[in-house]
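Enquirer: As a plain string of letters, each chain reads:
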Amino acid sequence: MRKLALSDELLLSIEKPARYIGGEVNAVYKDAQKVAVRFAMCFPDVYEIGMSHLGIQILYDMFNQREDVWCERVYSPWVDLDRVMRERHIPLFALESQDPIRDFDFLGITLQYEMCYTNILQILDLSGIPLEASERDWGCPIVIGGGPCAYNPEPIAEFFDLFYIGEGETVYDDLLELYKTCRKEAVSRREFLRRAAQIPGIYAPLFYETTYREDGTIASFTPTEDGIPSVIEKQVQSDMTNAPYPEAPVVPYIKVTQDRVVLEIQRGCIRGCRFCQAGMLYRPTRERSLEVLKQHASRMLENTGHEEISLSSLSSSDYSDLAGIVTYLIDEFQGRNINICLPSLRIDAFSLDVMSKVQDVKKSSLTFAPEAGSQRMRDVINKGLTEEVILEGAAEAFHGGWNKVKLYFMLGLPLEEEADRKDIAHLAEKIAATYYEEVPKDQRQGRCQITVSTSFFVPKPFTPFQWARMYTPGDYLGFAKTVNHEIKAMKNQKSIRYNWHQADETVLEGVFARGDRRIGAVIKEAYRQGALFDAWTEQWNYERWLQAFQTAGVDLDFYTLRERAEDEIFPWDFIHIGVTKNFLWREWQKAHRAEVTPNCRQQCSGCGAARYKSGVCMEQRAAQGGEAE
Amino acid sequence: MKVRVKFSKYGIMKFIGHLDVMRYFQKAMRRAGIDIAFTEGMSPHMIMSFAQPLGVGLTSDGEYMDIEVRTPMSSEEAIRRLNQAGAEGITVTEWKQIPEDKGSKAMTLVAAADYELRFRKGFAPKLDWQSNISHFFAQQSIPVIKKTKKGEREVDIRPFLYEMYVNAGTVYFKLAAGSEANLKPELVMDAYLATQGLEAQPFAYEIHRRELYADIGKDGKRKLVALGALGEDVPCA
Ligand code: SF4
Chain A
1 MRKLALSDEL
11 LLSIEKPARY
21 IGGEVNAVYK
31 DAQKVAVRFA
41 MCFPDVYEIG
51 MSHLGIQILY
61 DMFNQREDVW
71 CERVYSPWVD
81 LDRVMRERHI
91 PLFALESQDP
101 IRDFDFLGIT
111 LQYEMCYTNI
121 LQILDLSGIP
131 LEASERDWGC
141 PIVIGGGPCA
151 YNPEPIAEFF
161 DLFYIGEGET
171 VYDDLLELYK
181 TCRKEAVSRR
191 EFLRRAAQIP
201 GIYAPLFYET
211 TYREDGTIAS
221 FTPTEDGIPS
231 VIEKQVQSDM
241 TNAPYPEAPV
251 VPYIKVTQDR
261 VVLEIQRGCI
271 RGCRFCQAGM
281 LYRPTRERSL
291 EVLKQHASRM
301 LENTGHEEIS
311 LSSLSSSDYS
321 DLAGIVTYLI
331 DEFQGRNINI
341 CLPSLRIDAF
351 SLDVMSKVQD
361 VKKSSLTFAP
371 EAGSQRMRDV
381 INKGLTEEVI
391 LEGAAEAFHG
401 GWNKVKLYFM
411 LGLPLEEEAD
421 RKDIAHLAEK
431 IAATYYEEVP
441 KDQRQGRCQI
451 TVSTSFFVPK
461 PFTPFQWARM
471 YTPGDYLGFA
481 KTVNHEIKAM
491 KNQKSIRYNW
501 HQADETVLEG
511 VFARGDRRIG
521 AVIKEAYRQG
531 ALFDAWTEQW
541 NYERWLQAFQ
551 TAGVDLDFYT
561 LRERAEDEIF
571 PWDFIHIGVT
581 KNFLWREWQK
591 AHRAEVTPNC
601 RQQCSGCGAA
611 RYKSGVCMEQ
621 RAAQGGEAE
Chain B
1 MKVRVKFSKY
11 GIMKFIGHLD
21 VMRYFQKAMR
31 RAGIDIAFTE
41 GMSPHMIMSF
51 AQPLGVGLTS
61 DGEYMDIEVR
71 TPMSSEEAIR
81 RLNQAGAEGI
91 TVTEWKQIPE
101 DKGSKAMTLV
111 AAADYELRFR
121 KGFAPKLDWQ
131 SNISHFFAQQ
141 SIPVIKKTKK
151 GEREVDIRPF
161 LYEMYVNAGT
171 VYFKLAAGSE
181 ANLKPELVMD
191 AYLATQGLEA
201 QPFAYEIHRR
211 ELYADIGKDG
221 KRKLVALGAL
231 GEDVPCA
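Protein chains in written order, with my numbering: chain A, 1 to 629; chain B, 1 to 237.
Keep in mind that the hints were calculated from the coordinates and are not lab data. Incorrect hints may appear among the rest.
What follows is a list of derived Cβ distance ranges for each label pair [what the hints assert, rightly or not]:
| id | chain 1 | residue 1 | chain 2 | residue 2 | range |
| --- | --- | --- | --- | --- | --- |
| 1 | B | Ser134 | A | Glu15 | 35 to 43 Å |
| 2 | B | Gly103 | A | Ser364 | 34 to 42 Å |
| 3 | A | Glu15 | B | Ala237 | 42 to 50 Å |
| 4 | B | Phe38 | A | Arg497 | 54 to 62 Å |
Glycine included, each C-beta is placed from N, C-alpha and C at the ideal position.
Taking the hints into account, I'd like the entire structure generated from these sequences.
Expert: Given below as structure tokens:
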């Protein structure tokens, strides 16, 4: 039997000990003596969140397919265990072997959201790895980051030896081979990093230097040694159909956020919403074939025993054979009491039909994400959803028996005005009115229930809004108040509920998203003062962060309240994602004119992603009859 | 066909609570390809009920659940499949067909349980704590103070204590279990230690459930049989 890193008494005195014991079905065990490389894969949040992440499952499976690598998992110990580990000097360990992380060859940390940054320091700290990469020797694993936040790695650059820019399926093998060679040749750690920096997509922050202008903006960002590339190219898995996919994902004992089989039907999005980072980062859109999806679905269900399956993608309605996959899942699995969990779909006859097949109409709700209240704003953000389409969809659904609608909006978008905010209330009102007009009294299931949720917009790198300014927490709350007042003034206000988010978290997220290397000091300071699990409301403390900015001598407003000029050098400019800065600037200008850009299937807009020669860029388009630029 | 499944829970599985053990078996049944029956209605769930939840931290060789299968399977085949689809720390040991009637449900039948209790390494009292156990058991009544929501209340636990003896540092208990009366071994042990002027530290006990029993005695006379003994092995077709 495996020996656990924590004693029985300790495990029995903390919340959910199952977070720390490993041993789940499909977890991979190898002989540590017989592998060349030990890789600890980390999601810097609590187990239930980390275990729900598909990307880690993909890499875990892919690494473990290699005989010479043993990949294990590690998550952030929750605050109760964190405290005890510090008190008793218990080193952080991996779930499978229960061995200390410090003894691993690699520590890979996935960066899914900015608010996990202090948790990265927790992971390093508890592992006994120096926080600053510059202080590490071969006694420490190579700390490598990846995932969406790695597209602006600068705020956390000093904590990492390497970043992997792009999709994990592509150059990891090269990196692992290089590592093996370097260890055999007994080269220095620095030399290994230097060679790694020459692998496409690998960024080694150690070999770059930033200089600043007097006004605080970046003057230059350059390699400090010969042979280090000045540009890092995003890596793309061009053939999704044959890309590795975990057919036997690990099955947690405890209930995790995503307790089901997840089928990634496509990567990328054809839409080009101007606020959406994922939509740009994962260009071009690439689909998995229906055949391979069917195969994955049944194997994964067989191997896990999960009772639910869901589809994952940015915009599932755009998958070219959505009907094919959905019908297959219903026909094949519904009879076996497996829940089909539908993604949010464009509301039309097809989606209403499948929704009524897989869910209880009376209990479920329709979801629309207009993102902005007025048509002008929806054009600004290039969200091709019109009021007409929403109202028609809602009417059709109301006739079908639905009476719950969820609406998602953003507030604090660039170019947004008071009237646009009020239009959020007006749109909700129109939907409510549609219900009372369309459904005769005797057929109504009580009132309709419209839930309006707004989140505050955070401009992200590699989007047309990367030049935009943000607002102060007070401003944001004012925006929410406007919406709230307006909703209260509506005739059907009793049918409308309104939720909005905290505003100060938004501001910090904004700093991290577009920050530069100077932010690292603030993160360290806040961590020292106790910041941890910042994404968790109960752990969040804005005052502590403000204090950290002050102590570190960093001006928060510089990162948030400033609209950027066309020629400003961004901290992430050295990363090339295919989509060009030129295209993004053009889109920013079009946003100012409230001009929409067609989606990739309607017409190629020459964003630059065609250089990857894959997916939608290679499709024949009826309108043009040719390839993308 | 109604089936009673017996399993052991040990090793790291002791940290998995009752609800998660249920979830574990729901998924294990699917992986093993057991054709289990579902309830009717809008949200069908597997027909599966456990005899008696086991607390977190305890191990057991005597866990039971009753299920209903649509396609019969031999005991040998079912046990093999479930263990193959299972995780370390849970071993299925019996698969027995049981009568269809409602009164035969494990949950209703449970009347007693066997436990073993040891001190975790380093947690045993320094003084001799074993010598007076038979005395303790020989008492006519054992009053203990029970803390409830409404305050404290004295109860006599002796009627629910069927057996208690010690052998080489392990204390054996046979205790009333189930919905009518349920006595926990740690409560008995605490009461005994108190009579010796001792008190156990938190997490001092290592408790193992050995077996669950039904009472098939008549006229108020207790006759305990293991829950598994009430079913029949399913032979290979
Ligand atoms: S190059 Fe054209 S088709 Fe390809 S992602 Fe960009 S806009 Fe879409």
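Enquirer: Against this structure, judge whether each hint is valid.
Expert: So, going through the hints one by one against the coordinates:
no., hint, result
1, B:Ser134 / A:Glu15: 35 to 43 Å, "40 Å, holds"
2, B:Gly103 / A:Ser364: 34 to 42 Å, "39 Å, holds"
3, A:Glu15 / B:Ala237: 42 to 50 Å, "47 Å, holds"
4, B:Phe38 / A:Arg497: 54 to 62 Å, "35 Å, violated"
Violated hint for the displayed structure: number 4, the only one.
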